[in-house]
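A.B. asks: Line order of the protein sequences matches chains A and B.
Heads up: take any position in the first sequence, counting from 1, add 2, and you land on the working numbering.
Heads up: take any position in the second sequence, counting from 1, add 2, and you land on the working numbering.
Heads up, some of the hints might be wrong.
If several chains are the same, the list does not tell them apart, and a pair holds so long as it fits within one copy or across any two.
[Stated by the list, open to error] Straight-line distance between alpha carbons at most 20 angstroms, and here's what the computed PhoX-like set of lysine-lysine pairs gives: (1) K138 / K6; (2) K185 / K6; (3) K47 / K6; (4) K51 / K185; (5) K51 / K117; (6) K54 / K67.
Keep in mind the hints are simulated off the structure, nothing from the lab.
2 protein chains.
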Amino acid sequence: MHIKEAGIGEGISEVIVTTKSASGEPNAAPIGIITITNEDENENKYFVKLYKGSKTLSNVQETNKLAANVTDDTVLFVKAAFEPLAESQFSLFYGFPVLKEANSWILFDCAFSEKKAESGNFLFQLTPIAVKTNRKEVKAINRGLNAVIEAAIIATRYAIMENEQDRAEREKLMALYARIVEKCGGRREKEALEILQEKNKL
Amino acid sequence: MHIKEAGIGEGISEVIVTTKSASGEPNAAPIGIITITNEDENENKYFVKLYKGSKTLSNVQETNKLAANVTDDTVLFVKAAFEPLAESQFSLFYGFPVLKEANSWILFDCAFSEKKAESGNFLFQLTPIAVKTNRKEVKAINRGLNAVIEAAIIATRYAIMENEQDRAEREKLMALYARIVEKCGGRREKEALEILQEKNKL
Numbered sequence: 003m004h005i006k007e008a009g010i011g012e013g014i015s016e017v018i019v020t021t022k023s024a025s026g027e028p029n030a031a032p033i034g035i036i037t038i039t040n041e042d043e044n045e046n047k048y049f050v051k052l053y054k055g056s057k058t059l060s061n062v063q064e065t066n067k068l069a070a071n072v073t074d075d076t077v078l079f080v081k082a083a084f085e086p087l088a089e090s091q092f093s094l095f096y097g098f099p100v101l102k103e104a105n106s107w108i109l110f111d112c113a114f115s116e117k118k119a120e121s122g123n124f125l126f127q128l129t130p131i132a133v134k135t136n137r138k139e140v141k142a143i144n145r146g147l148n149a150v151i152e153a154a155i156i157a158t159r160y161a162i163m164e165n166e167q168d169r170a171e172r173e174k175l176m177a178l179y180a181r182i183v184e185k186c187g188g189r190r191e192k193e194a195l196e197i198l199q200e201k202n203k204l
Numbered sequence: 003m004h005i006k007e008a009g010i011g012e013g014i015s016e017v018i019v020t021t022k023s024a025s026g027e028p029n030a031a032p033i034g035i036i037t038i039t040n041e042d043e044n045e046n047k048y049f050v051k052l053y054k055g056s057k058t059l060s061n062v063q064e065t066n067k068l069a070a071n072v073t074d075d076t077v078l079f080v081k082a083a084f085e086p087l088a089e090s091q092f093s094l095f096y097g098f099p100v101l102k103e104a105n106s107w108i109l110f111d112c113a114f115s116e117k118k119a120e121s122g123n124f125l126f127q128l129t130p131i132a133v134k135t136n137r138k139e140v141k142a143i144n145r146g147l148n149a150v151i152e153a154a155i156i157a158t159r160y161a162i163m164e165n166e167q168d169r170a171e172r173e174k175l176m177a178l179y180a181r182i183v184e185k186c187g188g189r190r191e192k193e194a195l196e197i198l199q200e201k202n203k204l
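Extracted from the complex, chain A is given alone in its bound form:
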């Protein structure tokens, strides 16, 4: 199954992962899909690292499935990182919750691969079982878009680690990324930054 055409490329692809609980409740969270490249692209291997205590992990343990939603909507990334998405933002793909507005959906089977001893995080190997591309486009690189993603990662990591030592460094990087968004971003990136800054204050 060719999932490169659906946007999952080499290295780590930042997507919004949707899952559902055994009782069918949907969840969305920004997560990286890890592609281990093989000479023959049909033999690429896909993995995902899931944090212990996360809703995504417990859902995957219950259903053994997740969907990767490929999008470059920074507002969606930031919202999914910090709050439950509204039910109206979900659609169904082979009966599995996905995000309506995503550019593509890749539904994966998840097989437990490894539990990291130090962190308690879980590694799952992913096998694509269905793919749909909704929208192709051409878009120039926007540094503001990238900066929102970096800022969101810093903000969510802080919430997990609470390491006071790194606080000054974190604030400096957040300020750098905010300046890049202000200078280079479009309206959507500026909106995402505002949400992020609100969350970061709490």
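Following the hints, put chain B in place on chain A, whose structure we already have.
C.D. replies: Chain B in isolation, oriented as in the chain A frame:
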């Protein structure tokens, strides 16, 4: 003329700008196209800031034209930043040099707008005169791709400013971006980083 569909969106679009001299010699350099958004997208205004002493500036002064080449090929960005591209990488679009491999081309008329008193840099207003989309795709966000662009910007700015005070800060950021490329990038991003690190040593 709708150039949003060709990838020039809100904020600053990072593209490779191709130009030619009066005698027809092509040049390529990574440059940001600035979009000033209007409620009615047909009335958006486009600008570009060109550095004094740059080949792009003298070419635009000679021919009053430039082409924006939309691509996310980081190797192309890094090469265009530091060295002349091979003639074989150019093609012609309405007789104007563009990059064969770009996802889209937008040919602009350039009208002198302003000379910045302090920097001596020039601002030109751009009017699109021809557009071609060669390839649409869907691609997940890759932090490695973004990190190469940020690292390239830092490296080229240093070459221009030579401010020793910022050196430690610059090296720290370069190391951060290199770690992101190593962790998240694909082969193309890692190749771009290697070129960048070679150039950065000189």
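A.B. asks: Are any of the numbered hints broken by this structure? If so, which, sorted upward?
C.D. replies: Going through the list in order, the structure violates no hint and respects every one.
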